[in-house]
Amino acid sequence: MKNIWKLLGLLSLVFSLTTCDLINPEEEVPAYLEINDFSLTTQPGAQGSDDELITEVWVFVDGTFLGMYDLPALVPVLKAGPTEIRLEAGIRDNGIASFPDIYPFYEPYKVTLDLKANETAVINPSTSYLSEAKFAFIEDFEDNRPRVFTELVAGNTELERTQDDVFEGNYSGRFALSREYSPVVEIATSSLFSGLQEGGVYVYLEVNYKSDAPVVWGFVGDPDPIAGPLRFYDPGFSAKNEWNKIYFNLSQLLFNTEFDEYQVGFQAFLLEESPDSSTILLDNIKLVHF
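In our numbering, the protein residues as written are 243 to 532.
These aren't lab readings, by the way, just hints derived from the structure by calculation. Because the structure is a prediction, the values reported are computed rather than measured. Heads up, the beta-carbon is just placed ideally off N, CA and C, and yes, glycines get one too. Incorrect hints may appear among the rest.
The list that follows gives simulated cross-link-like pairs (lysine-lysine, DSS-like), each with its CA atoms no further than 27 Å apart [what the hints assert, rightly or not]:
| hint | residue 1 | residue 2 |
| --- | --- | --- |
| 1 | 358 | 376 |
| 2 | 452 | 487 |
| 3 | 352 | 487 |
| 4 | 452 | 376 |
| 5 | 358 | 452 |
| 6 | 482 | 452 |
Quick list of the computed label-pair ranges, beta carbon to beta carbon [said to hold, decoys possible]:
| hint | residue 1 | residue 2 | range |
| --- | --- | --- | --- |
| 7 | 422 | 352 | 53 to 61 Å |
| 8 | 320 | 412 | 49 to 57 Å |
| 9 | 410 | 359 | 21 to 29 Å |
| 10 | 514 | 312 | 29 to 37 Å |
| 11 | 272 | 340 | 39 to 47 Å |
| 12 | 312 | 377 | 49 to 57 Å |
| 13 | 386 | 269 | 20 to 28 Å |
| 14 | 443 | 340 | 17 to 25 Å |
| 15 | 344 | 468 | 26 to 34 Å |
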């Protein structure tokens, strides 16, 4: 009988220890990735400015998506030993913080690291445009490149080159609004475009800007001799007194237009609360597609 009680006591002790391990299991100690801001490299002359606004990073570890993080980021990883890291450059579609996305035209950054628990691996990621990325146009207002936005659709002021407030290089583009003389200005590309979605659905417009008034962007097409051109404008930016960059996702808008040929255009306008005279500065306008 004593042996039975001893056995029962031993089983009880083993069960108690096992239950404790189940309730409070030993936690894994993660390794850490310290991910700094991306840098962008472009091909001189062919891809325009290397300015970027990569705000997030999408992290993949051994092929598994780990999460999206604001940059710079400190990311815990429950891995040890040689580990494949893939980092996708994240931007904000149309400049909206609630619409983060992987920019489809940037190369992912890939590296294999020997991770160790409770140690931090520092990553300085870099990227470039994918070889498949095509540039329908680049408007940087410099001497060595033809002008793109030259057709005045509405208003009384044209987009001109200026050296007064330049984002980079020698020139930026400038036009003005006035409540009395020209409260609305609409300017489009001199060239017609077609087939931008034949190689893939994504079509983005990159723009650096500084503005006292809002500007919307989109497509102009199918001019009617009586009604005039059809306009499809959707994404835009609000007034901003410092230079900023924005990535306009025009993919769905272009698909919805069903135009065979189209111009890329923008419309600037004065709001009731806008100054009576407003200046819009633009630079590094790129239309990118596959």
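Hint check:
no. : hint                    : verdict
1   : 358 <-> 376             : violated (41 Å)
2   : 452 <-> 487             : holds (9 Å)
3   : 352 <-> 487             : holds (26 Å)
4   : 452 <-> 376             : holds (26 Å)
5   : 358 <-> 452             : violated (46 Å)
6   : 482 <-> 452             : holds (6 Å)
7   : 422 <-> 352: 53 to 61 Å : holds (57 Å)
8   : 320 <-> 412: 49 to 57 Å : holds (51 Å)
9   : 410 <-> 359: 21 to 29 Å : violated (44 Å)
10  : 514 <-> 312: 29 to 37 Å : holds (35 Å)
11  : 272 <-> 340: 39 to 47 Å : violated (29 Å)
12  : 312 <-> 377: 49 to 57 Å : violated (29 Å)
13  : 386 <-> 269: 20 to 28 Å : violated (59 Å)
14  : 443 <-> 340: 17 to 25 Å : holds (22 Å)
15  : 344 <-> 468: 26 to 34 Å : violated (44 Å)
This entry does not satisfy hints 1, 5, 9, 11, 12, 13, 15, going by the numbered hints stated previously.
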